[in-house]
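Novice: Read off the chains here:
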Amino acid sequence: MFRKNFVEYAILLLFKDRNDHLFSFLIFSFIVFILSAVLFISDSLQYDLIRSINAQPSIVVENTRVGRAYPMHEGHVYDVSQMTGVSSVEGVVDGYHYFAQKRLWFHIIGDPSLAKDEMLIGQGVQKAMAELYYEEEFHFLTEERLIKVKINKIAPKGTNILSNDAIFLNPNTARAVLGMEMDEYSKLYVSVPNPNEVGNVALKIVEIYPSAKATTQEDAIGAVRHLYYYKGGIFMILYVIALVSFFILLKNQIGLVYGEKKKEIAILRSLGFCIKDIIALKFIQNSVVSISAYLLGVALAYGYVFVLNAPYLRNIFLGSELENSISLTPVIDINLLFLIFLFGVIPFLAFVILPAWKIAISDMSEAVKS
Amino acid sequence: MSHILIQNLNKLYNPNKPNAFYALKNINLSIEDGEVVILKGVSGSGKSTLLSLIGGLSKPSSGEILVNHQNIAKLPDIMSSAFRHQEIGFIFQSFNLLEGLSVYQNIVAPLALTTLSKEAIHETVSRAMHLANIEHKKDQKVGSLSGGERQRCAIARAVVMEPAIILADEPTANLDKENSLIFIEILKKFKTLHQTVVIATHDTLFDDLSCIDRCVHMRDGEILE
Numbered sequence: 024m025f026r027k028n029f030v031e032y033a034i035l036l037l038f039k040d041r042n043d044h045l046f047s048f049l050i051f052s053f054i055v056f057i058l059s060a061v062l063f064i065s066d067s068l069q070y071d072l073i074r075s076i077n078a079q080p081s082i083v084v085e086n087t088r089v090g091r092a093y094p095m096h097e098g099h100v101y102d103v104s105q106m107t108g109v110s111s112v113e114g115v116v117d118g119y120h121y122f123a124q125k126r127l128w129f130h131i132i133g134d135p136s137l138a139k140d141e142m143l144i145g146q147g148v149q150k151a152m153a154e155l156y157y158e159e160e161f162h163f164l165t166e167e168r169l170i171k172v173k174i175n176k177i178a179p180k181g182t183n184i185l186s187n188d189a190i191f192l193n194p195n196t197a198r199a200v201l202g203m204e205m206d207e208y209s210k211l212y213v214s215v216p217n218p219n220e221v222g223n224v225a226l227k228i229v230e231i232y233p234s235a236k237a238t239t240q241e242d243a244i245g246a247v248r249h250l251y252y253y254k255g256g257i258f259m260i261l262y263v264i265a266l267v268s269f270f271i272l273l274k275n276q277i278g279l280v281y282g283e284k285k286k287e288i289a290i291l292r293s294l295g296f297c298i299k300d301i302i303a304l305k306f307i308q309n310s311v312v313s314i315s316a317y318l319l320g321v322a323l324a325y326g327y328v329f330v331l332n333a334p335y336l337r338n339i340f341l342g343s344e345l346e347n348s349i350s351l352t353p354v355i356d357i358n359l360l361f362l363i364f365l366f367g368v369i370p371f372l373a374f375v376i377l378p379a380w381k382i383a384i385s386d387m388s389e390a391v392k393s
Numbered sequence: 560m561s562h563i564l565i566q567n568l569n570k571l572y573n574p575n576k577p578n579a580f581y582a583l584k585n586i587n588l589s590i591e592d593g594e595v596v597i598l599k600g601v602s603g604s605g606k607s608t609l610l611s612l613i614g615g616l617s618k619p620s621s622g623e624i625l626v627n628h629q630n631i632a633k634l635p636d637i638m639s640s641a642f643r644h645q646e647i648g649f650i651f652q653s654f655n656l657l658e659g660l661s662v663y664q665n666i667v668a669p670l671a672l673t674t675l676s677k678e679a680i681h682e683t684v685s686r687a688m689h690l691a692n693i694e695h696k697k698d699q700k701v702g703s704l705s706g707g708e709r710q711r712c713a714i715a716r717a718v719v720m721e722p723a724i725i726l727a728d729e730p731t732a733n734l735d736k737e738n739s740l741i742f743i744e745i746l747k748k749f750k751t752l753h754q755t756v757v758i759a760t761h762d763t764l765f766d767d768l769s770c771i772d773r774c775v776h777m778r779d780g781e782i783l784e
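In order, the protein sequence lines correspond to chains G and S.
Read in order, the letters of the first sequence are residues 24 to 393 in this note's numbering.
Read in order, the letters of the second sequence are residues 560 to 784 in this note's numbering.
Honestly, the hints are just simulated from the structure, not real lab data.
Where hints are given, some of them may not hold.
Lysine to any residue pairs mimicking SDA-like chemistry, simulated, CA-CA at most 20 Å apart [claimed, not checked]:
#1 Lys633/S - Ile298/G
#2 Lys392/G - Leu571/S
#3 Lys227/G - Lys150/G
#4 Lys299/G - Asn175/G
#5 Lys700/S - Glu31/G
#6 Lys150/G - Phe161/G
#7 Lys284/G - Ser653/S
#8 Lys286/G - Lys633/S
#9 Lys677/S - Phe29/G
#10 Lys618/S - Trp380/G
#11 Lys299/G - Lys677/S
#12 Lys236/G - Thr107/G
#13 Lys697/S - Trp380/G
Here are the computed distance ranges between Cβ atoms for each label pair [to be verified]:
#14 His753/S - Asn42/G: 31 to 37 Å
#15 Asp386/G - His753/S: 29 to 35 Å
#16 Asn630/S - Ile384/G: 40 to 46 Å
#17 Gln699/S - Ile384/G: 33 to 39 Å
#18 Asn630/S - Ser310/G: 36 to 42 Å
#19 Ser310/G - Asp698/S: 24 to 30 Å
#20 Ser310/G - Asp767/S: 53 to 59 Å
#21 Arg41/G - Asn630/S: 54 to 60 Å
#22 Ile369/G - His628/S: 23 to 29 Å
Some chain G residues well away from chain S (every beta-carbon gap over 12 Å; in silico) [stated by the list, open to error]:
#23 Asn28
#24 Thr87
#25 Gly118
#26 Ser136
#27 Thr165
#28 Leu250
Glycine residues also receive a C-beta, built at the ideal position from the N, C-alpha and C atoms.
Chain G with its partners taken away, still in its complex shape:
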């Protein structure tokens, strides 16, 4: 193990060259910050979406015609409820209403617990409506008429990501707003108690109704994961930024052992430091820099995402036209953080230790004479 005096001297030399190490420290913190922030946001959003999906029934059935959602009827509810393995089927009203004045789409969800003339709205919806002075009630403009509904409740700030653009209405009011008939449903929620049977039931539904789409919880979770797949879109751009920064960092790291530093290695060698000591010295110094930069980067990312709610980045990730006020649930994937540590710290150390070793094994006599 390292001797105390040796470690203290390594730290002393590190502080002597603090300006040289500061650049590496800042760049590395920035890289860890970017990667950790992306990781925290995507993990948090995935976690919330998956939690919402888990709260839904085993299968969601939607009817389609010419590739678009098409209403379902009581007959569909009855047929599916007769299938073996199905415990219950619930017809739900769910669709999108275009708010032309703000050029926004609101997510309309039927909720039987609400009276016909009242509604519960998400924070994003409330803000959009308030901008046009709809504070007490809102007027849904349909082809036939104007439907007035009281704004009864607003979903509290920081609630689920899915409720931000949602308007919960009595199912019949929702049908009227969406232009559906009173016996129509937009989706069926199918409950299957045996998880092993879910796939079979979904297949049976599609066999009976070839135009229907039966989405299991597993499929929905897969879709969410795909949405936040780490190689896709914006992630790629952020990773490229991190990668470019990393190469700048490595170039700086190599520079830390050439020039004046080469002479310093030669001086230490002349004082009796062996090659192993030089490598240990560089290892200690750069471990201190990289680990502290890593911890700072992660801590800043945590604060940025979960305390400040990721300003700027959040909107890129959520992709909603509505202003989002949701709070990101703190979720930390230790495995991925460890991977960032591993793939960050090891090259960081290698790019200074290998050149230092190369210099340390060379003939020192010329370096000490210069």
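Using the hints, position chain S against chain G.
Specialist: Same frame as chain G, but now just chain S:
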């Protein structure tokens, strides 16, 4: 106690290349314990190369360097470094101090490899600073020192491990006459402490000094008889 015996020593630079040349040719030299020896010669005569080889900073192409009957040319790095750490004190022409550190922090460098307590380290460094007469500047950054002070700091660092052999490469080349005389006074102290000292220089100030035991003349990598 330290006896240096050099036998058939050769140092070839750039071997197997068109610009290959012998910096040292068939050197045979014996330096007794406590002896103060001057290596004299013009630039390029091989004095510094010989010091580097004695100090284990580079390896000879052939031949032996026996210090207390141990061939240091054949030692693996870890052992030759330990030998350099414990037995050798280097004083360089350009001082080779660690810029940005204080006098104390420079002198303490070799002690970083020891397991001595803080108190023992402090005492050892103080002793070395006293010998080199640099204690009054101990907290000053070496960058702000004069040439003579830098030299004394380098001397204190060279003697802090109380080495048996001191190797000085052109120690007065960057000093004015006053500071050169101070160095000679310190050299006299080494002599009274019975330390083996090898100095590579072409400074005439060292001619006919009473503390010098022997003067070895070199030219073109060879010792002149």
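Novice: Please go over all the hints and tell whether each is borne out by the structure.
Specialist: To see whether the hints hold, each was checked on the structure:
no.: 1; hint: Lys633/S - Ile298/G; result: holds (16 Å)
no.: 2; hint: Lys392/G - Leu571/S; result: holds (18 Å)
no.: 3; hint: Lys227/G - Lys150/G; result: violated (43 Å)
no.: 4; hint: Lys299/G - Asn175/G; result: violated (73 Å)
no.: 5; hint: Lys700/S - Glu31/G; result: holds (18 Å)
no.: 6; hint: Lys150/G - Phe161/G; result: holds (13 Å)
no.: 7; hint: Lys284/G - Ser653/S; result: holds (16 Å)
no.: 8; hint: Lys286/G - Lys633/S; result: violated (25 Å)
no.: 9; hint: Lys677/S - Phe29/G; result: holds (12 Å)
no.: 10; hint: Lys618/S - Trp380/G; result: holds (18 Å)
no.: 11; hint: Lys299/G - Lys677/S; result: violated (24 Å)
no.: 12; hint: Lys236/G - Thr107/G; result: holds (19 Å)
no.: 13; hint: Lys697/S - Trp380/G; result: violated (32 Å)
no.: 14; hint: His753/S - Asn42/G: 31 to 37 Å; result: violated (45 Å)
no.: 15; hint: Asp386/G - His753/S: 29 to 35 Å; result: holds (32 Å)
no.: 16; hint: Asn630/S - Ile384/G: 40 to 46 Å; result: violated (20 Å)
no.: 17; hint: Gln699/S - Ile384/G: 33 to 39 Å; result: holds (35 Å)
no.: 18; hint: Asn630/S - Ser310/G: 36 to 42 Å; result: holds (37 Å)
no.: 19; hint: Ser310/G - Asp698/S: 24 to 30 Å; result: holds (29 Å)
no.: 20; hint: Ser310/G - Asp767/S: 53 to 59 Å; result: holds (55 Å)
no.: 21; hint: Arg41/G - Asn630/S: 54 to 60 Å; result: violated (43 Å)
no.: 22; hint: Ile369/G - His628/S: 23 to 29 Å; result: violated (45 Å)
no.: 23; hint: Asn28; result: violated (5 Å)
no.: 24; hint: Thr87; result: holds (73 Å)
no.: 25; hint: Gly118; result: holds (70 Å)
no.: 26; hint: Ser136; result: holds (72 Å)
no.: 27; hint: Thr165; result: holds (77 Å)
no.: 28; hint: Leu250; result: holds (52 Å)
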